[in-house]
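Numbering follows this note's numbering, in which position 18 of the sequence shown is assigned residue number 18; successive positions increment by one, without gaps.
Check before you lean on any hint, since a few could be wrong.
[Unchecked claim] Simulated crosslink set (SDA-like; lysine to any residue; CA at most 25 Å straight-line):
| hint | residue 1 | residue 2 |
| --- | --- | --- |
| 1 | K236 | D138 |
| 2 | K254 | A34 |
| 3 | K254 | V264 |
| 4 | K236 | A65 |
Hints listed in this document are in silico derivations from the structure and should not be mistaken for laboratory results.
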Amino acid sequence: MTFNALLTAALRFQRRHILGRTIAVAAGLVMVVAVFELQGALDRGVATAPADLGPGTSVVVRGAAAFSNFGEVQRPGIPVDAIATIAASGGVTRAEGDDHGAVGVLHEGRRAGATLGTWFEDDGLRPATLVAGDAPADLGVGVSTDLADDLGLSVGDPIELVGRARADATVTSIVQNRSSGSAVPDVYASLLTANALVGRDGVVGQVVVAGTGTEDQVASAVFVANPDFETLTKAKFDAERTDAEHDRAVGTRKLLTLFAGIAVAVTGLIVVSGTAAAVVRRTGELATLRTAGATPDRSGPSCSPKRPPSASSAG
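Produce the complete structure using the sequences and hints provided.
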């Protein structure tokens, strides 16, 4: 048996180890590609973050920022009575209270997490349009097309909303969000219902304003009339939201990059250790064969048949 044949036989003997290392390399590559895809999804989410304001929005009014003992920003709500005062500011054509928050949606034993927002009377302030049914009112709510598809909802279906409180509601409309931003509500309700589920009685989270003139002009007029509240233009509000999403994405990207590094390191360790172990085993076997007289051409002297003496040597 030739030396090369021995190597071929050894490779056949090691096929399981080779297959295992190949699978490890493939799994490592899949992990790295998956990390890049998730990071791309995060970047796309950041790009669509400021998407929960209607195209007619000029200004957002909210409570002044305060800091908790742990350094977190806390904002008091705005009294519902202040909405009329804001609406009376110069250049304001419409002001509506807005409550936003997370709820659970139950329908026929199925449950989904959703974001609930206020359905505004002014179409220009809404980030969604009616597709079917009537506008949300009282305990009638509108659900986005995505949520309707997930839970199999249609106009007229009963659902249960679970937030700060529980409420039985009816789907009165299917709506299409104008944007795919992560903060766009999945469920729209009247201010009274939204306030009961995710807000506080008599207090709204913010006031959304439409006005004439530039955003800066409307913001200045609202602030002068209501100095106790923080007034932002839509552009500034969007930039703030984008920055916050970006900061969250940076931390997540670092974590994903760490996972990718661990996957590459583990894959490299498996390949190197497996190869080193195979080399050690093969080195010992080949040393034994060479001790027995094997050469690179033959496995040993006894493996080659003796040729009969020639006629000349016999003479």
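A quick look at each hint next to the structure:
1. K236 / D138: violated (33 Å)
2. K254 / A34: holds (14 Å)
3. K254 / V264: holds (15 Å)
4. K236 / A65: holds (15 Å)
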